[in-house]
Amino acid sequence: MSVQGVSKSFGPGSVVLDDIDLDIRRGEFFSLLGPSGCGKTTLLRILAGFEQPTSGQVLIGGRDMGGVPPHLRPVNTVFQSYALFPHLNVYDNVAFGLKMKGVPAAQQRERVARALETVRIQDFAKRRPDQLSGGQRQRVALARAIVLEPEVLLLDEPLSALDLKLRKELQVELSNLQETLGITFVFVTHDQEEALVMSDRIAVMNRGRVEQLGRAEELYERPRTAFVAGFLGSSNLISGTVHELTPGGAVIRTVHGPLTTRHVSGLRVGQEVVLSIRPEKLRMERDDETEGNEVRARVDDIVYTGAENQYLLQASGQSLVAFQLNADIGADEDFDYDEEVALYLPPESLVVLDG
Amino acid sequence: MLTLRRFFATLGPGTLWLLVFLVLPLLIVLGYSLLTRTDVGQVGLPVTLENWQRVFGYDALFEEFVPDNLLVLWRSVWVAGLSTLLCVALGYPLAFYIASQPQRRKNLLLLLLIIPFWTNFLIRVYAWIIILRPLGLYPSTLAVLLGMTYAYLPFFVLPVYSSVEKVDWRLVEAAEDLGATPVRAFWAAVFPQTLPGLVAGVILTFVPALGTFVVSDILGGAKTALVGNLIQNQFGQSGDWAYGSALSFLLLGVVLLGLWLYARAAGQRGLEELV
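Same order as they appear, the protein sequences are chains A and B. Just so you know, the first sequence maps onto residues 158 to 512 in our numbering. Just so you know, the second sequence maps onto residues 2 to 276 in our numbering.
Looking at chain A on its own, in the form it has when it is part of the complex:
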C-alpha cells in the first residue's frame, strides 16, 4: 500500500493533510500516531474511501484507488465506535460482509465460525450488540472485518473506549492476531505507548504532516524533532550553539557549559541547535569527578511513582527531569530535596534535533 503526495483540505485555509508520502509494506503492523486533529483519522478515511484526497493518490497492491468506492476496496475498517449493526446478532454482524459479497451459505457458516473463534467470541454468537461488554463488542468488530480477509485492515483507535487493563490485554492479542493472519494492519492511535508496543513501524503525525517515520526504538532513541521527542515519552531539551566538530561528534556550547554529543550530521560551527535527552538516560551523582558532560543541579521536587523516582531539577535556570530506578528506602541512590547533584549526560544519549 502506497500513499503518494496525498493532501486534503476542507475549503481554503483548513489543510488537514499536507503532502503525505507513505509506503506501507505487505504484512506490516503500521501505526499512525499523533495528537487529535493531526489528520491521522482523515488519512485512514481516505484509505478506506470515505474521503477523497484533494490531491495525490493511494495505491493498494499497485492499483490506483482513485474513484474506487469503499465497497469495492480490498480494505476493511474497525471503527472507533465499533459501528455494529444493533438489530443483528453477533453471528449476522460477522456474516454481513460475506452476504454482501455473495459468498455461498455453507462457506459463510464456516468462515464466520472461524472468525468468531479467532477472536474467541464464539459463545456469544446469538447475542445482540447491546448485550455485550465493550471488550466483546471490540472483538465482534474485529471478527466482522477479518472474516473478509482484506489485504489491509484499517483500525481507527479501536481500543480507546476500553479500560486500561483490557486495553493492555487486547494490545497483545491484536499484535498476535496480526502475526497469525499476516494481514497488513494500519492502526490509528493517539496513545504513544500503544503504538510503541504493537507496531513494526510508526509514522508520527503532527498538523497534517508526517514528522518522523521509523521503528519504535528509532523514534524513541533518535527523535528528529522536538515534537517527536515530546510526544513519545518525555524529554529534556537544551538549546545551544555548535562550538566545535570533532571526529565522530561535536561540542555544543550551552548554558550548562560545553556538552559533547555523538550524533551529528551536516552540522556546521556556529549553528543554533536543540539537544534532546531522555530523563532515564541522565545519571545523577554525588561526587565531583569531572569526566565532562556534567551539569550542576539542585533537587527541586521528587515524584515517587513506585518503580522509579522522578526528580525535578534546577540547573542554571533551566528545569530538567531525571528518572532513577527505585533502589530501596534510604538507599544511597536516593536523593533528598535541595540536594546539590552532578548530572551526567552520556554523549551517546544526547540527540541533536532538526532545526
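Calculated from the structure, these hints are not laboratory results. Don't take each hint at face value.
Unchecked claim - Which stretches of chain B does chain A cover? Using the computed rule of at least three CB atoms under 8 angstroms from a CB of chain A, they are:
1. 88-98
2. 185-195
What the hints assert, rightly or not - Straight-line distance between alpha carbons at most 20 angstroms, and here's what the computed EDC-like set of lysine to aspartate or glutamate pairs gives:
3. A:K256 with B:E174
4. B:K167 with A:D287
5. A:K283 with A:E314
6. A:K258 with B:E174
It should be emphasised that the depicted structure is a prediction, and the values quoted were computed from it without experimental measurement. Think of the CB as a built atom: it goes at the ideal place given N, C-alpha and C, for glycine as much as any other residue.
The hints should help you fit chain B onto chain A, whose structure is shown.
Structure of chain B alone, referenced to chain A:
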C-alpha cells in the same frame, strides 16, 4: 371487601387512568350493544343479541343474510390501507428530506407541516371539493382516498422524522466498508433504524383512517359510505345507539386484528420500542 380495597391501593395511576377512561367506557358501550332500542337515542330492556346479529348481516331469526356491513367494512379497510400506503410513499422520503436540512430550515419545514392544523379540519376537507370538482373527481372514492392521505400525512411524517433524526449514519459507512453498495447499505443499516417510527406512523395513519366518517361524508357522496359513516349514522340520524354500539365493536375488532397482524409482520422489536 378488604382484598378489593388492597387491589385498588396497589394500582398505579396509569392503570387507574386506563380503567376509568378506557375500560369503563368500553364496558358501557358493550352494555349498550346488548340492549334494545326503545325511543330515538334511548335504550332499554330486554337484553338481546339482535344488534350483533345485524352487524354480521343476519336478521333476528337468522333467516336472511345481507352482508352490506361486511362489504362496507371491507371497503373501509382497503381505502384506509391504500391511503396509508400513499402516506408511506410520500411521507417516508419527506421525513428524510426534512432531517437532511440545516437546523433553521428543518424547523421551518416542520412548521409548514403542522400549519394546516391551524385551520379547521372540516374546512380543509371542504377545500378539496373546490380542487377536485373541476377535474371531475368529486364525489368519488378516489376523492376520499386523496382527502384521507392529505389529512393523515403529518401524523405519518412526524414519528418517522423523529426516527430519522436519531439514525446513526456511521453504520452506513460500516456497511459500505463491508462491501454493501449504497442502496444495500441503506436497507441494511438505515431502514431498520427507522422501523420504530415507520410502525408508529403507519398505526397513527391507518387507525384513524379506518374510523373516519368526515372525509368520506364530505368527499365520497352517498355511494362510498365507510364503516365510520355507518356508526355515525346510528348515533345521529337513526338514533339507534344499541346497534351503533355493536357496530363500533366490529370496528374495534378489525383494528385490533390489524394491529396484531402488523405487529407480527413488523417484528416484536418495532412495537417494543414504540410502547
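Comparing the hints with the structure gives:
1. 88-98: Violated - the segment 88-98 of chain B has 0 residues with a Cβ nearer than 8 angstroms to chain A, which falls short of three.
2. 185-195: Coverage by chain A holds here, the residue count being 6 at a Cβ distance below 8 angstroms.
3. A:K256 with B:E174: 16 angstroms, holds
4. B:K167 with A:D287: Holds, at roughly 17 angstroms.
5. A:K283 with A:E314: 27 angstroms, violated
6. A:K258 with B:E174: At roughly 16 angstroms apart (the allowed maximum being 20 angstroms), B:E174 and A:K258 satisfy the hint.
This entry does not satisfy hints 1 and 5, going by the numbered hints stated previously.
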